[in-house]
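Undergrad: If you want the building blocks of each chain, they are given just below.
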Amino acid sequence: MDGDAVSFALDRYDRHFPFFDGTAPLPRGIDFDVLQVGQSSPGRDGTGRHERMYPGVEFDICEFGLSPYLMMAARGAALPFTAIPCFPRRLFSQSQMWVRRGAGIEGPQDLAGKRIALRSFHTTLSVLARGDLKSYYGTAWEDIVWCPTKGDMVAFDAKPGVRIEPIPTGADLGALADAGDIDGCFMPHPPPAMVDPARMRRLFADAHAEEATFFRATGAYPIMHLVVIRNEVLDAHPGLARALVESFRAAQRISESYYDDPNWSCLAWGRHDFEAERQSFGADIWPEGFTANRANVERFIGYSFDQGLIPRAPAPESLFAAETLET
Amino acid sequence: MAQDKDLTLAIERYDRHFPFFDGTVTPPEGYNLKVFQVGQSSELRDGIDRHGRMLHGEEFDVAEFSMSTFLMAKGRNMPIAGVPIFPRRLFSQSQMWVHPDSDFWHPRDLVGKKVALSSFQTTLSLLAKGDMKFHYEVPWEDIHWLLTTDEKVKFNVKEGVKLDFIGNRADLGKMLEDREIDAFFLPHPPHSVVTGETPARRLFADCKAEELDYFEKVGDFPIMHVVAIRQSLLDADPNIAKEVFRMFNESKALAATYYEDPNWSRLAWGRHYFEEERNLFVSDPWENGFGRNKANLERFIKYSHDQGLIDEIYAPDKLFAENTLDT
Numbered sequence: 000m001d002g003d004a005v006s007f008a009l010d011r012y013d014r015h016f017p018f019f020d021g022t023a024p025l026p027r028g029i030d031f032d033v034l035q036v037g038q039s040s041p042g043r044d045g046t047g048r049h050e051r052m053y054p055g056v057e058f059d060i061c062e063f064g065l066s067p068y069l070m071m072a073a074r075g076a077a078l079p080f081t082a083i084p085c086f087p088r089r090l091f092s093q094s095q096m097w098v099r100r101g102a103g104i105e106g107p108q109d110l111a112g113k114r115i116a117l118r119s120f121h122t123t124l125s126v127l128a129r130g131d132l133k134s135y136y137g138t139a140w141e142d143i144v145w146c147p148t149k150g151d152m153v154a155f156d157a158k159p160g161v162r163i164e165p166i167p168t169g170a171d172l173g174a175l176a177d178a179g180d181i182d183g184c185f186m187p188h189p190p191p192a193m194v195d196p197a198r199m200r201r202l203f204a205d206a207h208a209e210e211a212t213f214f215r216a217t218g219a220y221p222i223m224h225l226v227v228i229r230n231e232v233l234d235a236h237p238g239l240a241r242a243l244v245e246s247f248r249a250a251q252r253i254s255e256s257y258y259d260d261p262n263w264s265c266l267a268w269g270r271h272d273f274e275a276e277r278q279s280f281g282a283d284i285w286p287e288g289f290t291a292n293r294a295n296v297e298r299f300i301g302y303s304f305d306q307g308l309i310p311r312a313p314a315p316e317s318l319f320a321a322e323t324l325e326t
Numbered sequence: 000m001a002q003d004k005d006l007t008l009a010i011e012r013y014d015r016h017f018p019f020f021d022g023t024v025t026p027p028e029g030y031n032l033k034v035f036q037v038g039q040s041s042e043l044r045d046g047i048d049r050h051g052r053m054l055h056g057e058e059f060d061v062a063e064f065s066m067s068t069f070l071m072a073k074g075r076n077m078p079i080a081g082v083p084i085f086p087r088r089l090f091s092q093s094q095m096w097v098h099p100d101s102d103f104w105h106p107r108d109l110v111g112k113k114v115a116l117s118s119f120q121t122t123l124s125l126l127a128k129g130d131m132k133f134h135y136e137v138p139w140e141d142i143h144w145l146l147t148t149d150e151k152v153k154f155n156v157k158e159g160v161k162l163d164f165i166g167n168r169a170d171l172g173k174m175l176e177d178r179e180i181d182a183f184f185l186p187h188p189p190h191s192v193v194t195g196e197t198p199a200r201r202l203f204a205d206c207k208a209e210e211l212d213y214f215e216k217v218g219d220f221p222i223m224h225v226v227a228i229r230q231s232l233l234d235a236d237p238n239i240a241k242e243v244f245r246m247f248n249e250s251k252a253l254a255a256t257y258y259e260d261p262n263w264s265r266l267a268w269g270r271h272y273f274e275e276e277r278n279l280f281v282s283d284p285w286e287n288g289f290g291r292n293k294a295n296l297e298r299f300i301k302y303s304h305d306q307g308l309i310d311e312i313y314a315p316d317k318l319f320a321e322n323t324l325d326t
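Residue numbers (numbering that gives the first Met the number 0), protein chains in the order written: chain A, 0 to 326; chain B, 0 to 326.
Chain A extracted, bound-state conformation:
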């Protein structure tokens, strides 16, 4: 690829296909090299996107974890990149909470004293799940033993009394569950052994209904990822941050229109599902821009602070490129 092109690393989602098939309008006057880079599973152009962006800063523009970005930004040190308020990945925590059959866990209240496998302790989904348990379900995350399977990208001092017992990288999680050494797994991409219905089940039998209720109560489809841009690239291309917000908005609109075709998806009832969700949410659950996402980001900052990951709770405004705060 052209050495002068701006590299742009994104995961493979339906809403990113307009970037991969060239139908999303990109800011004018710049050559982009759109790369399909996965995080925990490989895309066309590789994997380990977040680690390649930090500390490596391999890409000019990159989809990145909300939690590690917040931790870096809240530490006040100069960062090599700045976020824009585009949020390509969102997850409810409830569907991602899997527990071992026979562990005696019927609801969130039964998690006290149990051992839950995570990706890293500060992985965005880990932070969200702990925060939701405490502030939405009233189950103190401090009473649970957390077993990360991966090291943290950003160092932090765990709060006193917090129990973190790492699982060695590459350990057989299925075998650990079968031996009763782990009781559950809260991960953004759970490995097959952790979603094997013979061994595990979702904590909430009707996670779909649980999440619909959560959305009505909080108004939030929780953010997992944002987008960061290398500061030198921002300096070299004034207006790029703002223009990219518009590109992401356009990509959202285009991918939403995919579902107009009743057979776009290999889901036989994909169009019905789309209509049911539109009715259930009654709002766009993928809004881009600062204003529509401020409360969502602010709640997450509260979770991160409560969990001892950041020394102080910064204003959401401080996290994003100044020119995007009016979006």
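Derived from the structure by calculation, the hints contain no laboratory data.
Cβ atoms here follow ideal geometry from the backbone N, Cα and C, with glycine treated the same way.
Honestly, I wouldn't trust all of these hints.
To be verified - Computed, partial: chain B to chain A, Cβ under 8 Å: (1) F20; (2) T25; (3) C206; (4) E209; (5) P261.
Keeping the supplied structure of chain A fixed, place chain B upon it in accordance with the hints.
TA: Chain B only, in chain A's frame:
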């Protein structure tokens, strides 16, 4: 080394075709694969009218093509070849729409009514008429059909069939609202209906239950499209049929892995729907190949003959390149 020949491929924009658009599918050896995103009834990145351009212009080497028109073309010994790949499937039930205030809840309620179609031979039209007669025991001959697009292959209308060409497919939402028509059966509902601008509801109150019952009784997720190859290309390189078969299956398998990511889709519960459908269908409703789809093809040939689109019933072996009949 010999220069690779270009192989032009025109396909619709579906999740299962994205491996063609992002270049992750392995191209056929000895060919330089050129992929075009061409719609049928709506404009995509590289244009519209895919079926007509393939049939009458031989504009592409390989193209996703209408199953019904293909049956007619083969029944007339027109020079076009096929491989048993079926990239689009629809149940007819979800595509039957009526006015929300009407008392129509079953195909039998439409006897003597005005029902709009795309063309008479459009695959969804063929399927809906055939399902009415052979699945619901409501003779399609008792309906007044209103046609909105031209027939790709000419045929003589059977005696006694009531049909009128009215055109203006885009206005069908408004016409239904004004009760100028009683229903429409279309592969893509009009834009005004998709957006909710004009009122319409599906004929069946619970399409999913109805379609699941149909799948259990009939055994198929009905075929809409097939993959056609330029006859002269197949004659020059018979092996291309096997390569095309391989490529589409590879693309389909890659796309199935997308749903392993719980956040691949902008449907918040996309992963749940995927799991539910897998449990409901048990076997893969999208399976390609001649053997698995023979019964579906025979049923369609029967429907096509019954509707006066082909003169004689023929064996489905006639449809495909010989070296793909063992699939």
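Undergrad: Work down the list of hints and note, for each, if the structure agrees.
TA: Going down the list of hints, with the structure as the test:
1. F20: holds, 4 Å
2. T25: Because about 13 Å separates T25 (chain B) from the closest Cβ in chain A, which is outside the 8 Å limit, the hint is violated.
3. C206: Status holds, d = 7 Å.
4. E209: violated, 11 Å
5. P261: The hint holds - P261 (chain B) has a Cβ within 8 Å of chain A, the shortest such distance being about 6 Å.
Violation of the numbered hints given earlier is confined to hints 2 and 4; the remaining hints are satisfied by the structure.
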